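For the protein sequence lines, the chains are A and B, in the order given.
Following UniProt numbering, the numbering of the first sequence begins with 1 at its first residue and continues without gaps.
Following UniProt numbering, the numbering of the second sequence begins with 1 at its first residue and continues without gaps.
Hints are not guaranteed to be accurate.
In silico contact screen, one side only, chain A against chain B (beta carbon under 10 Å); selected entries [said to hold, decoys possible]: (1) E286; (2) L289; (3) K419.
Under 7 Å between C-beta atoms, here's a sample of chain A residues computed to sit facing chain B [stated by the list, open to error]: (4) K181; (5) H188; (6) L189; (7) G212; (8) N281; (9) E285; (10) C339; (11) G372; (12) E406; (13) C409; (14) V415; (15) L417; (16) E426.
The hints are simulated quantities; they were obtained by calculation from the structure and are not laboratory data.
Just so we're clear, the structure is a prediction, and the values are computed from it rather than from any experiment.
Positions of the beta carbon are idealized from the N, C-alpha and C atoms, including for glycine.
There are 2 protein chains.
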Amino acid sequence: MTNHWITQIESILKTDQYSKSISELYRHSHDESEHPPVEPELVCFPESTEDVIAIMKIARDASIPITPFGIGSGLEGQAIPLNGGISLNFERMNQIVKFSPEDLLVTVQPGITRLQLNNIINRHGLQFPVDPGADASIGGMAANNASGTTAVRYGVMRDQIVDLEVVLADGTLLHTGTKAKKSSSGYHLTGLFTGSEGTLGIITEITLKLHGIPEHTIAASCTFETPHQCAEAAHMILLSGIPVQRMEFVDAYSIGKVNAYGNYGLPEKHSLFFEFAGMKNAVEEEAALAQELMHDMNAENWRVAADSEERAMIWKARHEMAYAFRHQSGMTVTGGDVCVPISKLPELIDYALELIAESGLEGGALGHIGDGNFHTTISYDAKDPFQKLEAEKINEKLAFRAIELEGTCTGEHGVGLGKMKYQDAEHGAAIAVMKNMKRMLDPDNLLNPGKMFA
Amino acid sequence: MTNHWITQIESILKTDQYSKSISELYRHSHDESEHPPVEPELVCFPESTEDVIAIMKIARDASIPITPFGIGSGLEGQAIPLNGGISLNFERMNQIVKFSPEDLLVTVQPGITRLQLNNIINRHGLQFPVDPGADASIGGMAANNASGTTAVRYGVMRDQIVDLEVVLADGTLLHTGTKAKKSSSGYHLTGLFTGSEGTLGIITEITLKLHGIPEHTIAASCTFETPHQCAEAAHMILLSGIPVQRMEFVDAYSIGKVNAYGNYGLPEKHSLFFEFAGMKNAVEEEAALAQELMHDMNAENWRVAADSEERAMIWKARHEMAYAFRHQSGMTVTGGDVCVPISKLPELIDYALELIAESGLEGGALGHIGDGNFHTTISYDAKDPFQKLEAEKINEKLAFRAIELEGTCTGEHGVGLGKMKYQDAEHGAAIAVMKNMKRMLDPDNLLNPGKMFA
Numbered sequence: 001m002t003n004h005w006i007t008q009i010e011s012i013l014k015t016d017q018y019s020k021s022i023s024e025l026y027r028h029s030h031d032e033s034e035h036p037p038v039e040p041e042l043v044c045f046p047e048s049t050e051d052v053i054a055i056m057k058i059a060r061d062a063s064i065p066i067t068p069f070g071i072g073s074g075l076e077g078q079a080i081p082l083n084g085g086i087s088l089n090f091e092r093m094n095q096i097v098k099f100s101p102e103d104l105l106v107t108v109q110p111g112i113t114r115l116q117l118n119n120i121i122n123r124h125g126l127q128f129p130v131d132p133g134a135d136a137s138i139g140g141m142a143a144n145n146a147s148g149t150t151a152v153r154y155g156v157m158r159d160q161i162v163d164l165e166v167v168l169a170d171g172t173l174l175h176t177g178t179k180a181k182k183s184s185s186g187y188h189l190t191g192l193f194t195g196s197e198g199t200l201g202i203i204t205e206i207t208l209k210l211h212g213i214p215e216h217t218i219a220a221s222c223t224f225e226t227p228h229q230c231a232e233a234a235h236m237i238l239l240s241g242i243p244v245q246r247m248e249f250v251d252a253y254s255i256g257k258v259n260a261y262g263n264y265g266l267p268e269k270h271s272l273f274f275e276f277a278g279m280k281n282a283v284e285e286e287a288a289l290a291q292e293l294m295h296d297m298n299a300e301n302w303r304v305a306a307d308s309e310e311r312a313m314i315w316k317a318r319h320e321m322a323y324a325f326r327h328q329s330g331m332t333v334t335g336g337d338v339c340v341p342i343s344k345l346p347e348l349i350d351y352a353l354e355l356i357a358e359s360g361l362e363g364g365a366l367g368h369i370g371d372g373n374f375h376t377t378i379s380y381d382a383k384d385p386f387q388k389l390e391a392e393k394i395n396e397k398l399a400f401r402a403i404e405l406e407g408t409c410t411g412e413h414g415v416g417l418g419k420m421k422y423q424d425a426e427h428g429a430a431i432a433v434m435k436n437m438k439r440m441l442d443p444d445n446l447l448n449p450g451k452m453f454a
Numbered sequence: 001m002t003n004h005w006i007t008q009i010e011s012i013l014k015t016d017q018y019s020k021s022i023s024e025l026y027r028h029s030h031d032e033s034e035h036p037p038v039e040p041e042l043v044c045f046p047e048s049t050e051d052v053i054a055i056m057k058i059a060r061d062a063s064i065p066i067t068p069f070g071i072g073s074g075l076e077g078q079a080i081p082l083n084g085g086i087s088l089n090f091e092r093m094n095q096i097v098k099f100s101p102e103d104l105l106v107t108v109q110p111g112i113t114r115l116q117l118n119n120i121i122n123r124h125g126l127q128f129p130v131d132p133g134a135d136a137s138i139g140g141m142a143a144n145n146a147s148g149t150t151a152v153r154y155g156v157m158r159d160q161i162v163d164l165e166v167v168l169a170d171g172t173l174l175h176t177g178t179k180a181k182k183s184s185s186g187y188h189l190t191g192l193f194t195g196s197e198g199t200l201g202i203i204t205e206i207t208l209k210l211h212g213i214p215e216h217t218i219a220a221s222c223t224f225e226t227p228h229q230c231a232e233a234a235h236m237i238l239l240s241g242i243p244v245q246r247m248e249f250v251d252a253y254s255i256g257k258v259n260a261y262g263n264y265g266l267p268e269k270h271s272l273f274f275e276f277a278g279m280k281n282a283v284e285e286e287a288a289l290a291q292e293l294m295h296d297m298n299a300e301n302w303r304v305a306a307d308s309e310e311r312a313m314i315w316k317a318r319h320e321m322a323y324a325f326r327h328q329s330g331m332t333v334t335g336g337d338v339c340v341p342i343s344k345l346p347e348l349i350d351y352a353l354e355l356i357a358e359s360g361l362e363g364g365a366l367g368h369i370g371d372g373n374f375h376t377t378i379s380y381d382a383k384d385p386f387q388k389l390e391a392e393k394i395n396e397k398l399a400f401r402a403i404e405l406e407g408t409c410t411g412e413h414g415v416g417l418g419k420m421k422y423q424d425a426e427h428g429a430a431i432a433v434m435k436n437m438k439r440m441l442d443p444d445n446l447l448n449p450g451k452m453f454a
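Could you put together the complete structure from these sequences and hints?
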């Protein structure tokens, strides 16, 4: 027997725009996290905003939940259709709607990935610099307020979006902003829908700020005896005012893992990786000053990437960390994502590594140290419930400690399923306002239900 | 006869914390705009968040409106207590709550002004760079999402705030964020309350990002034959990727006015003013490249400020523009505040100057050309209703044209009273969501009523 709402959706879409095949239901049941998979009842592939509105209206009338799906690279289960219903896959809405190099703006559909976008705009000397590692969809990055290695220079997704087109739960289509670079008109709905993880509305278009590709780039790295020293050194760079393009911390354990995985031959010590970018003289001055400061902080192994190939290799190694951990057969990786005021970082990294050492599990710490954001990567045997519990306990302690230190339980991965338990502790009285907003915009709880709030 | 609610407020505050004196009621009846003054019934001077909560609760129980007041430098009537009630003056809540140079953060009370703040933190090599010209209160700047000459480099207030403490209409106290530099946890209430002009809650603390004072600064200026050429030249600078610290346009007419006012001796031509800041070599390279680009664009009178005194003079002249216009006895100045995608600027500036020329009124155009934001300054005889109407018509046409060009009716002054009539045209379906938020957070319409929405 087919449900009535499925028949209705089938009647408004082309045959290849929906699927109930086992493989598609499975593909849309999970993301890259360890959260248990849940299958949708139907996968839809909208090709236009009109398709999204039509599907939304049928879903609303039948009280069927809708969960948007980008490419499934999320790390907190945001794309898992917890209550079944519809998984809305945006892979066919992957076009550039309007490219305005003269305005340093581009309007895209949510399904385009960041590399697809950059492949097109790079030819015009422009880039969209937000880089979470995975080749995520821009829609997913907007919905989760993603950031990554370049946030220290360019900020997070929320800083890069001037306008969103959004379909509300009642089928209303609206724009949250304009194409002006700044505005003091109206309430800031752009910032509200960005990072709302599909719980307030469905994003169907995103207008992004673009940036020139820097004329010259220098990558460099150095090592320290302790993670604490790395954090202090990173702090020194920030205070110096050097406008680093990237500044990443990787602990010795993680370096060992990625060396084993990719044969990178990096010194197996606690390390900082830098990228400086801009005009040639400026960049050379910045790199030289950084080297001097790091020397004063007792850095060793200062090394400048000789060419763009070596530079690319360094960042490839950094991005492969998570895979390096997962590569171990039978092992699962869970990762924390805390972010605290910069001065609290040394203390929090030490605490994380102590917890891991005490647990007897394998794991390390790495992350976007210039923003005060770092990740733990803890491997455990998925078949051993004790190990799983231990790993979870570490991240839980770490998240609560981050909140105590006036930070956040999630710097960039989002709340999804995994960070729901910290929301009361982190947001206090503000949670009631957030829940009221959810009720106001989605009274029947159909938009990605079961995420963000209990 | 004294109202019951006034007696209640008098009973919880010290005698010098409230006033009904004629001079205080008058001082709190207006801002720097031409909107008609309206007096409050009572002015309160809270000294703590607890005072604000206590006043809010009495006001709520008696259904008395509350309008926050910073220093009254607003340009759209935001601080005018349209429905009487309480004007909440923050001049005694002007302390630094916590200065964390090691985190590049400072938490302040709303009544501190940007110069008071900078006077303290500059000694530590840090600055809060948002500069709207006036020595506005930080609370007012946050409530109105102010920006100004440095937004091209540092963004607007909303980009600089990591956390707000807010008192809601029901007396609830909440924090919108944490002290972490970035977060993907919860809905972005920080962005929502910033720019909400006191209509959703009362801001009682603001945590701001701080920035290092650049090691070296170069100011420069040049002139062009037409405003159109100025806009195109500014556009070229942006595309070049030179990270200007400031980039301002002033038309020849306005230069003439400020020369007459302050005896600055600037060439009376359409002009661009630049500031480059950072490390010495970098800044010199940037200024040299800018000079070369401007030469290619047929600039004349390229001039580099010889010393910090001359640099300060240039920015003083720029900030005095509005006063230069007002200085004419008996004349009032009204100003537009449109912001459009950068490529639309030349067209819009031409349009503005045509409208002014056709009207027979005196006026010019100037503004933050690197953000696509500019202001008209039109003088009219306040006693001549025809002239006033003409001036308003110009700004009205300009605002609607800006919206047609996918821009905004207000780049930085806010909506207040003056931009309410453009809200439907600019926000379309989003207006309903904004109004629902207002109803949700302020069901009795007590928080700065009569602003932003009809």
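Need the list of violated hint numbers for this structure, in ascending order. 15
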